[in-house]
Amino acid sequence: MIKDGKISKIGKNISAGNATVIDGTGKHLTAGIIDEHSHIATVAVNEAGQNSSAEVTLEDVIDPDNIQIYRSLSGGVTTVQVLHGSANPIGGRSALIKLKWGETANGLLYKGNDKFIKFALGENVKQSNWGSAQTIRFPQTRMGVEDVYLDYFQRAKEYDELKKSGKPYRKDLEMETLAEILNKERFITCHSYVQSEINMLMKVAEKFNFTVNTFTHILEGYKVADKMKEHGAGGSTFSDWWAYKYEVNDAIPYNAAIMHNIGVNVAINSDDAEMNRRLNQEAAKTIKYGGISEEDAWNFVTINPAKLLHIDTKVGSIKIGKDADVVLWSDSPLSVYSKAEKTIIEGVVYFDIDKDLELRKDVQKERNKLINLMLNEKNSGGDVQSPKRRTQMQFHCDTVLDY
Amino acid sequence: MKKLYILNLIILCITINISAQQTPAPIQTTDFSIEGATAHIGNGQLIENSLVMFSKGKITFVGSASEKISRIGTIIKAEGKHIYPGFIIANSTLGLGEIDAVRATLDADEVGTFLPHVRSLIAYNTESRVIESMRPNGVLMGQITPRGGVISGTSSIVQFDAWNWEDAAIKVDEGIHLNWPKSFTRKRAWMGEGSGMEPNKKYTENIESIKTFMLNGKNYFKGKRYPQNLPYEALEGLFNNTQNLYIHASTVKEITDAIAFSKKIGISKLVIVHGNEAYKIADLLIENNIPVIIERPHRLPDNEDDDYNLPYKTAKLLVDKGITVAIGMEGDMERMSARNLPFYAGTCAAYGIDKEQALKLITSNPAKILGIDAIVGTLEVGKDATLFISEGDALDMRTNKLTDAFIQGRKISLESHQTTLWKRYSKKYSSQ
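Protein sequence lines, in the order shown, are assigned to chains C and R.
Every letter in the first sequence is one number past the one before it in the numbering used here, and letter 60, counting from 1, is 60.
Every letter in the second sequence is one number past the one before it in the numbering used here, and letter 4, counting from 1, is 1004.
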């Protein structure tokens, strides 16, 4: 039972009073899917050019009208971390949103959560695939990436010491953000692939007495899963992506299974707008690759990412008192044949498979009306113009816009 | 210390093993009888508790296990399991590229505009680790297709367990690929044209240039054909109906124009590739008996106001009209993602078509379209024993778990670079 946006009762034969009753006979009800790594519903993704962009935040560029929000709801997704891209070793601050389609940008933002920042390692930050002209920004090698971190964190440490000493200091937004990390008030999710650099960042963090919260993508996590566990880092990975860059030549679909078996908290993420709306299927692939149980596989896209995002007391499972972010599925959500029929956030139905059919009629009606208006205008001698078509921009980690 | 030495030796052996693809299986000498599985024939039929037998690379029996017939060779008991014909990926660049970001590994896109004489087969890399990763998912054959230009080149069909491209070939140079001009082109933001799409000003001009090339080719065959013109020579199969013309086109306008164009220049074996809007002109396709190789269903709709599930149900919209549909693979990360082919078919089943019909999208239908249905595509007597056994429903990722796979009766390895690393690191941790 859902009341005031929260899950109020769980059980059989609960008296519903005058509540709306949804017949779920033969269906599956789960917590909403949480995507730890996404770039949907934003108008920008990379502040490129500098190797640290800790001063920017994705909260400033949320696009609440992006149709992808609705498409993701249709796949049972309710919460998404919108991340900065991976152009810089130190990226921008992230935005955590709930997919409350129809809300304003501020209305989408998750309230009262811990704050995160995107870091990145490897080919993207050393600009390996940017053509032969882009070879002068530091860092160009994995060696240089370590120095970027050591340099920035040392400066942030000194900045914070000065600030705390009570002496006058010049406010610096980058340093403020990095000092939050040192003070455990902001947490890192780091785009990563190769074992050497994963290991390196954990050592840098340990030197500065903090923990890397999440390694995201982390396709070679299976090579250092024991070290990740010891450090206390989680892994948010792709189910089966590989071979798109040289650094994912050793990426294997068994990665999630190995990290999970070692005891790392594992999530399956999307990065990609298309995959975001099929994360249930992506989770199911870990059953094929590595023999994960259905329950554990499902946790990879619900409670585990909630833990990585420090919101597991509020969302990620069906529990009394938690937010009523739930999805009604036609079948086991891990089945390829399953469809989300209703996606509910805080007790509000944001996607309904039957209502969608009605909305399609509205779209068709509006379309016909507009076409008729245009035809009438043309026939009565009005101004005409050649047709135009809007394009949808889909962002990934490595999307850099040049204007 | 000794233990460490042995472990090192094991690791060393594994290291040597992963340096190349799995060794291709030798020619079938032992007969096989697979008994008790649910056989998915690939033509829409299903046989529970089946018996499938094969000898010397060919299927010799398909029927019920209750039939009193003597079993041949090695008997594989497969109760509760499922047997399928090998899946076929259409419109793929497998073997023409290894790592997307590493240019030296890419061989799919030759420089030039009209290149019908460029042949994919000779660049097909049988040692590709990406191809190796197809097999554990049941994807055992593919149409290897060049990309780029207006006429990209000539495709061939291969099987995925071979020493070299000659061994791999199932059907050589079976078709030519034409990228139809786009009716809308992206505005050039850097030229101050703003963003979005606008009608392609050169659309008609582009079609004219294709027409000129094709008609020049047609006229060339009426002459002495000397001195030889290699691009025109490569068009011969189109005009004598021995090769398919694959036109890659998406919108109603493009597909309609492409069909009219083909008729005009006298090409009858036409296949539409992509066909995102083909469902809107299904009658035209039916009338002209034109099949469609659709894009992968796991993609986003083209337009903001499209139904959210349009890519999932495109197959149904076409199949319901009676069009022969196969699933192809072109675009982002197309090679490594091709192993998801069975799950694409599964998604089509989730959105409206019967499971056995969905299976046809990756078995008998591509076989028909690609002209290899006499030898592969279904579990039928006389066809190649290119098939596999899965623990469960192979269209569902939870249960697509192959226990045995055969190509031309040869029992192939289901190991890969990826399974090797999996075992190697699992072992690392279990021995710690």
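Quick caveat, the hints were computed from the structure, so don't treat them as lab data.
Where a beta carbon is used, it is the ideal one built from N, C-alpha and C, also for glycine.
Some hints could be false.
[Stated by the list, open to error] For lysine-lysine, the following BS3-like pairs were computed, each having C-alpha atoms within a straight-line distance of at most 27 angstroms:
1. C/Lys378 / R/Lys1269
2. R/Lys1182 / C/Lys388
3. C/Lys27 / C/Lys319
4. C/Lys3 / C/Lys314
5. R/Lys1321 / C/Lys361
6. R/Lys1211 / C/Lys365
7. C/Lys361 / R/Lys1253
8. R/Lys1218 / R/Lys1280
9. C/Lys355 / R/Lys1316
10. R/Lys1411 / C/Lys27
11. C/Lys378 / R/Lys1313
12. R/Lys1201 / R/Lys1211
13. C/Lys339 / R/Lys1182
14. C/Lys307 / C/Lys100
15. R/Lys1058 / R/Lys1182
16. R/Lys1056 / R/Lys1077
17. C/Lys3 / C/Lys365
18. R/Lys1253 / C/Lys388
19. C/Lys365 / R/Lys1313
20. R/Lys1427 / C/Lys203
21. R/Lys1313 / C/Lys339
[To be verified] Facing chain C, according to a computed beta carbon distance under 7 angstroms, are these residues of chain R, among others:
22. Trp1165
23. Asp1167
24. Gly1194
25. Met1197
26. Lys1222
27. Phe1261
28. Leu1300
29. Glu1304
30. Tyr1308
31. Asn1400
Open item on the list: Taking the earlier hints as the rules, which of them does this structure contradict?
Closed with: 1, 6, 8, 10, 11, 13, 15, 17, 22, 23, 24, 26, 27
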